[in-house]
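Construct the entire structure; sequences and hints are all you get.
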Amino acid sequence: MKINTRKFGEIEIDEAKILSMPEGLPGFAGFEKFILLEDPKTAPFCWFQSIEEPILSLIVMNPFLFKPDYRLDLDAFIESRDWKDIKPDELLVYVVVNVSEVNTVKKITANLMGPLIINPKKHEVVQVVISDTTYSHQHNVLDSI
Amino acid sequence: MLVLSRKAGEKIKIGKDIEINILKVEGGSIRIGIEAPKNLTILRMEVFEKIQNENIESASKGIDNITDAIELIKNRFPKESSD
Chain A
0 MKINTRKFGE
10 IEIDEAKILS
20 MPEGLPGFAG
30 FEKFILLEDP
40 KTAPFCWFQS
50 IEEPILSLIV
60 MNPFLFKPDY
70 RLDLDAFIES
80 RDWKDIKPDE
90 LLVYVVVNVS
100 EVNTVKKITA
110 NLMGPLIINP
120 KKHEVVQVVI
130 SDTTYSHQHN
140 VLDSI
Chain B
0 MLVLSRKAGE
10 KIKIGKDIEI
20 NILKVEGGSI
30 RIGIEAPKNL
40 TILRMEVFEK
50 IQNENIESAS
60 KGIDNITDAI
70 ELIKNRFPKE
80 SSD
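In order, the protein sequence lines correspond to chains A and B. Here the first sequence is numbered in numbering that gives the first Met the number 0, starting from 0 and rising by one per residue. Here the second sequence is numbered in numbering that gives the first Met the number 0, starting from 0 and rising by one per residue.
Hints listed in this document are in silico derivations from the structure and should not be mistaken for laboratory results. Watch out, some of these pointers could steer you wrong.
Claimed, not checked - Straight-line distance between alpha carbons at most 27 Å, and here's what the computed DSS-like set of lysine-lysine pairs gives:
hint	chain 1	residue 1	chain 2	residue 2
1	A	K105	B	K60
2	A	K105	B	K78
3	A	K105	A	K83
Here it is, written out as structure tokens:
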């Protein structure tokens, strides 16, 4: 099917890759269908694009690229959502990224406190908020390791 | 908004599976116990607002905003970025 996106114009997507977000996306209530768009030109950043709203698209990336020791209790998460037939290593984890400029210095931050957890078998995604953690919502990506 | 008065040790029931327990009232703070299904997200509002603000901020960025960031990250993590 074709969808409209502000960043990439009209694009063809594989309907099987549409992810539903039954618990919603904080800040964007009412939008529940998304797709993860990967563009070689913007890699390692990807786009978490709304199917329903062309202008709604978040910058996301794989957290393990800059934080190999990032740990989440995925077993507990799977149990809390009552997801069947899926193992922790089959889930995909992305984090929301922000870029800013402070005194002409470019800064890249990632929200390690609210990762997006994708269940590819169920085509579902949940933004989990882990509040009992030392991970920051504005983790400095370039200072990692 | 529904407003109720409760004392320490008293409870509030919401729907069929949520219970709010007023555990302790001391000085200016109240200790609350919440029993709810595991799949319900319960957060301090300020934590939720942090997540929300990061999402809103990220959604406001365009491809041109991240052009420099792509270079920075590729230089910083050359091996990982090329995978």
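Now for the hints, and whether the structure bears them out:
no.	hint	in the structure
1	A:K105 / B:K60	holds, 14 Å
2	A:K105 / B:K78	holds, 21 Å
3	A:K105 / A:K83	violated, 42 Å
Checked against the numbered hints listed earlier, the structure breaks hint 3 alone; every other hint is satisfied.
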